[in-house]
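Taken in sequence, the protein lines are chains D and P. Residue numbers for the first sequence, in numbering that gives the first Met the number 0: 0 to 595. Residue numbers for the second sequence, in numbering that gives the first Met the number 0: 0 to 191.
The set of hints was computed from the structure by calculation and includes no laboratory data. Owing to the predicted nature of the structure, the values given are computational and were not obtained by experimental measurement. Among these hints, one or two may not hold up.
Unchecked claim - Computed from the model, here is a short list of chain D residues facing chain P with C-beta under 8 Å:
1. R538
2. A541
3. R545
What the hints assert, rightly or not - Computed Cβ-Cβ distance ranges for the label pairs, DEER-style:
4. D:R580 x P:S113: 39 to 45 Å
5. P:R3 x D:Q561: 40 to 46 Å
6. D:L579 x P:A159: 47 to 53 Å
7. D:P509 x P:L179: 38 to 44 Å
8. P:D95 x D:Q569: 34 to 40 Å
9. D:I420 x P:R3: 39 to 45 Å
10. D:L529 x P:S12: 36 to 42 Å
11. P:D81 x D:L579: 18 to 24 Å
Stated by the list, open to error - Counterexamples of contact, computed for chain D against chain P with all Cβ distances above 10 Å:
12. S77
13. L157
14. V194
15. A251
16. E505
17. Q569
For every residue, glycine included, the Cβ atom is placed at its ideal position computed from N, Cα and C.
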Amino acid sequence: MHDHGFLQQALVYLAAGVITVPIFKRLGLGSVLGYLVAGVAIGPWGLRLISEPGTVLQFAEFGVVLLLFLVGLELNPSRLWALRRPIFGLGSVQVLATIAAVAALGLALDQPLAVSLVAGMGFAMSSTAIGLATLAEKNLLPTPGGQASFSVLLFQDLAVIPLMLLLALMSGKSGATAFDWVAAAKAVAMIGLLVVAGRHLLRPLLRFVANTELREVFVGFSLLLVLGIAALMQAVGLSMALGAFLAGVLLADSEYRHELELDIEPFKGLLLGLFFIAVGMSVDVGLFLHTPLVVLGLALGVVALKIVLLYVVARPFYCGRTDATLFALGLSQVGEFAFVLFGAASQFLPRPTIDLLNAVVATSMLSTPLLMLAHERFVVPRLARAAPRPADVISENNPVIVAGFGRFGQIVSRVLGGAGIATTVIDHDPNQIDMVRRFGSKAYYGDATRLDLLRSAGADKAALLVVAVDDVEAALAITRLARQHFPRLRLLARAHGRTDAFEYVEMGVPAVRETLGSALDAAQAALRVLGFHPHSAWRIAAQFRRRDEALLVEHAPHRHDQKKLIAVSQQARADLNALLREEAARLRSAEDGGWR
Amino acid sequence: MPLRVLVLYAHPSHDRSRANRVLRAAIEDVAGVTLRDLYDAYPDFFIDARREQRLVEEHDVLVFQHPMYWYNVPALLKEWQDAVLELGWAYGEGGDKLHGKHFMQALTTGAHASSYRHGGHAHFEIAELLRPFEQMAYYCGMRCLPPFVTHAARLIEDPALEAQAVRYRELIAAIAAGRLPAAIETISSRAE
Chain D
0 MHDHGFLQQA
10 LVYLAAGVIT
20 VPIFKRLGLG
30 SVLGYLVAGV
40 AIGPWGLRLI
50 SEPGTVLQFA
60 EFGVVLLLFL
70 VGLELNPSRL
80 WALRRPIFGL
90 GSVQVLATIA
100 AVAALGLALD
110 QPLAVSLVAG
120 MGFAMSSTAI
130 GLATLAEKNL
140 LPTPGGQASF
150 SVLLFQDLAV
160 IPLMLLLALM
170 SGKSGATAFD
180 WVAAAKAVAM
190 IGLLVVAGRH
200 LLRPLLRFVA
210 NTELREVFVG
220 FSLLLVLGIA
230 ALMQAVGLSM
240 ALGAFLAGVL
250 LADSEYRHEL
260 ELDIEPFKGL
270 LLGLFFIAVG
280 MSVDVGLFLH
290 TPLVVLGLAL
300 GVVALKIVLL
310 YVVARPFYCG
320 RTDATLFALG
330 LSQVGEFAFV
340 LFGAASQFLP
350 RPTIDLLNAV
360 VATSMLSTPL
370 LMLAHERFVV
380 PRLARAAPRP
390 ADVISENNPV
400 IVAGFGRFGQ
410 IVSRVLGGAG
420 IATTVIDHDP
430 NQIDMVRRFG
440 SKAYYGDATR
450 LDLLRSAGAD
460 KAALLVVAVD
470 DVEAALAITR
480 LARQHFPRLR
490 LLARAHGRTD
500 AFEYVEMGVP
510 AVRETLGSAL
520 DAAQAALRVL
530 GFHPHSAWRI
540 AAQFRRRDEA
550 LLVEHAPHRH
560 DQKKLIAVSQ
570 QARADLNALL
580 REEAARLRSA
590 EDGGWR
Chain P
0 MPLRVLVLYA
10 HPSHDRSRAN
20 RVLRAAIEDV
30 AGVTLRDLYD
40 AYPDFFIDAR
50 REQRLVEEHD
60 VLVFQHPMYW
70 YNVPALLKEW
80 QDAVLELGWA
90 YGEGGDKLHG
100 KHFMQALTTG
110 AHASSYRHGG
120 HAHFEIAELL
130 RPFEQMAYYC
140 GMRCLPPFVT
150 HAARLIEDPA
160 LEAQAVRYRE
170 LIAAIAAGRL
180 PAAIETISSR
190 AE
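Assemble the whole structure, with the sequences as input and the hints as a guide.
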């Protein structure tokens, strides 16, 4: 590929996505359909801007890999274990039932056994990318229906391995059987290695990288991590997406979870978009135009059959009709793995059959966003009236977020904890995180100046954000960001000195000057050493604090006028000195006639 | 002539109070009334005497609203007296800033009314226990109004408390409107 060719391709993909997706989103059709249509439009059957859709599809598959990594990050091992029944029970029933039903139908339609079986295997697959992306876009992943969808997709990823083996056997090249055990052993060993390394190696490694404090290095490492694991998995014949998913699960409990999520997210979005575009480009519109009824009829038939089967197998597991419907529609398309399986079967099946099957798969993919839309518009309102709403998904949002967990934030957080108020703590120093975790506190690694991070820490639900970071500019940035985006969230800032304290006064955000309290403690101690009565020493310090804080508010409007500020400050200083002298004299004097 | 009323509210655990909370709510919005929650303003007990004096100067009637603690006011209200009622301001030479104002207490007690008598659990009548405040008012040139007492604040039933709150509101509203009840004359009668 020439350089300018790459540039041109990138321009075409980006432009197609940027133009189509917002339009489809606005029309309420969802981004997935937008990408698919963009693909059809620029592909060999549309404007012919891209001639080789196959290569980009391979590359774009990393979008699915990153998607699975992110899904893994949301599921720690204990939650995954809780899903074992839907994964293996529901998953295996779904795959076997679909293969059997499609094969039986094929035979009934006078198709050869081989064609019927291959079609069954391919059609049993659903699209992880479309299914999960559609559910995630509508925030339905945490619902029971979403969890079931995810479980079955995961099982399908696993099922591809034996199915490929079966196809290899069917193609007659059964010489591979002798090596099967070695391959299987390799695969198991690789998964074992991944689990062990993930437990003991990844966290120190992430900490090491985070220590560089170079954001792009962390981002680069995140990508390297996911793609590296994917490559290792592929090397032993396992699905790349499965490997990425495992890596995600292993990191789900780590303090870097939020940061990884945020770093990977944009890449996932772009690559997944590219993946859908590539699928759209591979739709054989020619075949569709020649025999529209066959392709359309088959696609509709397959989708309808899958919906019925999925609904029927889901009901015993998930009694809710809403969830079963969502599950059945979300997985009703035929997935990208079907392309892979049909590709393998092309060695022993005629080319036209394979082309027809592929066209059916692509057409079925187009149907999902439309079905989900119809579901949302027509089915959900009716079901919602018929059935009580399922229980809310429990989120572990704390009422207080503490940004910055250094010497300052730790004390704040501990006092609140002592009063029975849980805090969500964010810090950008990996060593700090590591240290406090060793002492049993929970803190997340991340840069609190980022809106998405604040949001994922629960800023739109929390009652209070304590901005306790050390850096003056960062603290101001966080405060401004939070005020702009979370108007209901109350704020409390740690100010470095007068200059930034003025800024907080201006914004109306209560701020605590970090050294004021301790310096006054020191002054008080000094007075006591010099013979002042402890109570007198305390009163003098308290007087200073009260006056100084009032002056801060009075002087804030002049903060940009250096000369004026110096003038009023000098006057204020003189006044304060007079006040303190008066207080000290009054406290020490026995002859003022008063009682004190 | 309408009068400006400053109510100094002192309750160290307002959150847990029932009677004082209801009573306070009953008068908070009466026209001419300024309610000052001392434990809210001075959690550190460090009273800004100048500021308090200015506030008192702007009003005609001073009310202490508080639960009775050990036959006295809660500690912060006592501290307020100590810090604000200074020589040269409240009494002594030039100490005339309170002259002509009125003073009243609105207090709640733990025991029933029957305890506050000779031979009762408290041994003294409320009026006797409040003598120091009567003398404080006298010493500062204020006229002392009869106290508004709510007995058995922990035990009082809701309807009775509500009725008491209505009475309290009516009394404070009348004072703010300039219709003052007759002042206590114990000291002036003894002086004769």
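Violated constraints from the hint list, given by number and in increasing order: Violated: hint 4 alone.
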